[in-house]
Amino acid sequence: MLLSLLIILPLLTALAILFCKGLKQVRIVSLIGASAQFIFSFGVLFEYWKERASGNTAQFLFDFNISWFESLHIHYHVGIDGISLAMILLTAFVVIAGILVSWTQETLHQEFFLLLIILSAGAYGYFISLDLFTLFFFLELAVIPKFMLIGIWGSGKKEYSAMKLALMLMAGSALVFVGLMGLYFSTGINGAHSFDLLEISQMHISTSVQNTFFPFAFIGFGIFAALFPFHTWVPDGHSSAPTAASMFLAGISMKLGGYGCLRVATYLMPDAAHRYSPVIILLSTVAIIYGAFATMMQKDLKYINAYSSVSHCGFVLLGIGMLTQTSITGAVLQMVSHGLMTALFFAAIGMIYSRTHTRMTEQLGGLLKVLPFISTVFVIAGLCSLGLPGLSGFVAEVTVFMGSWQNPDQWYRLATILACASIVVTAVYILRAAGKSVMGPIRNRQYDHLTDAHWNERLAAGILVTGIVAIGVAPFWLYDLITPGTEYIIQQVGKAITLK
Amino acid sequence: MTMIMGIDFLVLMKQEWMVIAILFILLFIKVSGDDWQNENILKLVNILMFINLMTGFFGYRDGILFNEMFKTNHLIVTEKNILSLGTFIISLQSYSWLKNNKQVIEFYLLLLSTLLGMFFMISAGNLLMFYLGLELSSIPLAALANFDLEKRKSGEAAFKFIISSAFASGLLLFGISLVYGTTGTLTLSGISEHLDGSPLQILAFILLISGFGFKISAVPFHLWTADVYEGSPVTVTSYFSVISKGSVLFVFVTVLYTAFKSYAVTWNHILFIISVFTMVTGNLFAIRQNNLKRFLAFSSISQVGFILIGMSGQSQAGTASVVYFILIYTFSNLGAFGVISLVSAYSGKENIEEYRAFYKTNPRLSWVLAISLFSLAGIPPTAGFFGKFFLLMAGAGQGNYLLITIAALNMVVSLYYYLKIIKAIFMDTNENPIDKLLTPPSPKLALIICTTGIILTGFIGYIYEYIYSMSTIF
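In the order they appear, the protein sequences are chains A and B. Going from the first sequence to my numbering is simple: count from 1 and add 281. Going from the second sequence to my numbering is simple: count from 1 and add 18.
In case anyone wonders, no lab produced these hints; they're calculated from the structure. Treat the numbers as computed from the prediction; the structure is a model and nothing was measured. Backbone N, C-alpha and C define an ideal beta-carbon position, used for all residues, glycine too. Treat the hints with care, as some may be off.
[Unchecked claim] Here's a subset of chain B near chain A, in silico, CB distances under 7 Å, partners left out:
no.	residue
1	Glu57
2	Trp285
3	Pro398
4	Ala426
5	Ala442
6	Phe444
7	Tyr484
[Stated by the list, open to error] Below 25 Å or equal to it, Euclidean Cα-Cα: the simulated DSS-like pairs (lysine-lysine) are:
no.	chain 1	residue 1	chain 2	residue 2
8	B	Lys32	B	Lys117
9	B	Lys438	A	Lys438
10	A	Lys302	B	Lys169
11	B	Lys378	A	Lys305
12	B	Lys454	A	Lys302
13	B	Lys61	B	Lys32
14	A	Lys438	B	Lys117
15	B	Lys120	B	Lys61
16	B	Lys454	B	Lys378
17	A	Lys302	B	Lys117
18	A	Lys445	B	Lys438
19	B	Lys169	B	Lys117
Required output: the full structure, derived from the provided sequences and hints.
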């Protein structure tokens, strides 16, 4: 029941927002809700540690299972392991920062905060679900708020981007649906099928079924995680979205996909994961390199971050495709790290844009002199993106590379080398973007009178930077949190290999 | 013995008696020539309809009357309750349209006659009785389609409907007579015992399916739908698309699962092909529509495609998912039609372009319309998500994953056109938006019922379980 509070709290916040009047009330209520959720997430973390310390070795803790549609064997079943807990913490960080940067959202504020909160409820529900039906429910729940957020409050070609995003993500969930159906109907013991993640993982699903439905599930979730060549919604969606929505999109929504690839596709269909891993690695390596080079060509800061997200999410899928314990741990670390880093990046870009009204690198310049705080945040995000030691990006990427190299196959090693090499390209575009926009002389005299970050923006950036540095300097607590979870996945994969 | 027969006769047919009673009360008011205010008549009718709805929930009895001409069981009572509920909502919604209409009583006489026909049709245990009910339900419908007496399009719609409906009835009758010729019986239970797969029987079966196809406007029998929907008054359109369609679907399920159970392999293939064509055609045409009524006509065609998938599943899960979906579809479609009929009654606007920036002036109605459309599109947390999920799940139970994949991708296409309306309402700008509408109490109640239904039906797992537990009767 403890975990259900993670969904109930946002819903209560949303309900409270409905009865608020005026921006001031709405934002205070949203902030209180998000903070409560933030504190509660840490509460769950401490409870989790306590349980583990007391010797509870169950795969999923705080298990709660009630029947929902008995005749269809659909349950409301929640529980968490280290991987989901890491995702929940990430969500809590991004949500509170997103609420803070939207502090002065004037137009249709009630609807704006309402949709943000519903979106976060969907993400929390998704990460705690142990039943594939509820998991799918929450996955789809998060699509429409994104459409509305981009379409109503976005900028540029917002309607096109919103529609593209909604349709591509729905196509993704349509594929996931087929995959889930295939799984469900192959679990038959005396006609009693199951959506339960734990039950399915303990059954042996026949290899042919796995081979048929793994692509559906993996590509479906992959669309959410910007799997090449289905990444095209990412640049448009991110760049048209309002700041908070960009943060949610890149920070949380894309992680839904990565988590699904890992938890549903790979964990439940290990045979097929093994069989298709060359394809996954090929696609993700292409995404990493293509994303990096595409970013080089961008002049709009938001596009830069969006394309670099394609590249960074490629590492997540690469880690999953390599199927070693270190690489999968690295993939999860990368999800957390990229979520925090990209949210920080978008927050900084949003702050710059709200002051200068442009996101073009060549029109900006010298911002460090007038906006020291924001520019510093921007540079920190950039450095994290290019993998500076001491920040979370380095930890995550190195783990992925080490894990990938453990694969003795020479082609896998080639992919690892190529992916490693993309870091150089990342350094080029990040340093160039930072150099053009925040260093150098002030290009536009009007920028002289800009005011630096307000308290809410400082707080938002502070929260995210704390997360990034905490992982970068002391990665072990997160590493220890995640490893037990990935162990189960590796066992599953190992079982699949030995069975052959 | 005759005493018990008499009581049975009253109790088993209680819903029919209720409708007949309301019909007689209205007839009495009409004949007596008293000068009733329209508003009072509407109030009275709505109260009577509510009582009619409530009586459906009490005193369930299974039973058979008149040599299987009339049968009833828990599932059939529930189906009738869904239709009663839909008719009640439509009656509430038609308030603003009917309050200045001189022929209110006639409208309800026709409406309730069709409802009575549908009740008999659902309860029919005999194909002849089924045909009788079908005709009783479709002929007054044509008159209803013509109810906008000043509009030419309304007359055109009625004419189109009566012609195509007569043709469909002809096909059905031909099919029924061939069934009788080859099996020597017309009772549903009797037919299943005498099926031997002779060519004549197959022909009869195909004729029956075509007849049903016409009534539920499945592709390629859908051509009448859009024109009739566009021409009829909005209230009648909603009645067409929800109640009339729903009732025929209920019977279709019964006929397939009881009388033609042994042809399951054949009709699974037929349903596969029809449902794919229905979904695809409905979707492709819906994208191009500008008139909201036509749009909903095509979107309801594609919904039928999804329902046919559920039908192709195993009998219990299949039936349950179809009945459950129609319940949800009633809420969602009537929610959308409720808003459209309000707007149409006040401003006469029915085009998607005219709905631009609707949110600026009517935020609440916009949300109701949006939630209804999301439910039609099958987006969580609305009930439509659960409905579609279970339909496709029932279909997937037969192992036909190709069909499921096509259907799932069709859901994406359908999302596109539903989102187009959402975009017009919430995101576009308009210099001349629809004025702020004051919603009278009874349409407001209808919208509240629909919205509540859309939000709650999915989460209350008991509703599905209940329908599922009753679907074992076949």
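Agreement of Lys438/A and Lys117/B with the hint, judged by alpha carbon distance not exceeding 25 Å:
45 Å, violated
Exercise. Straight-line Cα separation of Lys32/B and Lys117/B no greater than 25 Å?
Worked result: 30 Å, violated
### Message
Run the distance test for Lys454/B versus Lys302/A: straight-line Cα separation, threshold 25 Å.
### Response
The hint holds at about 21 Å.
Taking 7 Å as the limit, does the beta-carbon of Ala426/B come near enough to a beta-carbon in chain A? This hint holds: Ala426/B lies near chain A, its Cβ roughly 4 Å from the closest one there, short of 7 Å.
With a cut-off of 7 Å on the beta carbons, see whether Tyr484/B makes it to chain A. 10 Å, violated
### Distance restraint between Lys445/A and Lys438/B, which requires alpha-carbon spacing of 25 Å or less
12 Å, holds
Next on the checklist: Please check whether Trp285/B passes as an interface residue: C-beta within 7 Å of a C-beta belonging to chain A.
Outcome noted: Because about 21 Å separates Trp285/B from the closest Cβ in chain A, which is outside the 7 Å limit, the hint is violated.
ask   = Does the alpha-carbon distance linking Lys438/B and Lys438/A stay inside the 25 Å limit?
value = OK: Lys438/B and Lys438/A at ~15 Å, within 25 Å.
Pro398/B was flagged as interface toward chain A. Is the shortest Cβ-Cβ separation under 7 Å?
It holds, given that the least Cβ distance between Pro398/B and chain A is near 5 Å, below 7 Å.
Item to complete: Assess, step by step, whether the Cα of Lys169/B is no farther than 25 Å from the Cα of Lys117/B, and give holds or violated.
Response: At roughly 18 Å apart (the allowed maximum being 25 Å), Lys117/B and Lys169/B satisfy the hint.
With the threshold set at 25 Å, check whether the alpha-carbon distance from Lys302/A to Lys117/B stays at or below it.
36 Å, violated
Chain A contact restraint for Phe444/B - C-beta distance below 7 Å: 6 Å, holds
This entry does not satisfy hints 1, 2, 5, 7, 8, 10, 14, 17, going by the numbered hints stated previously.
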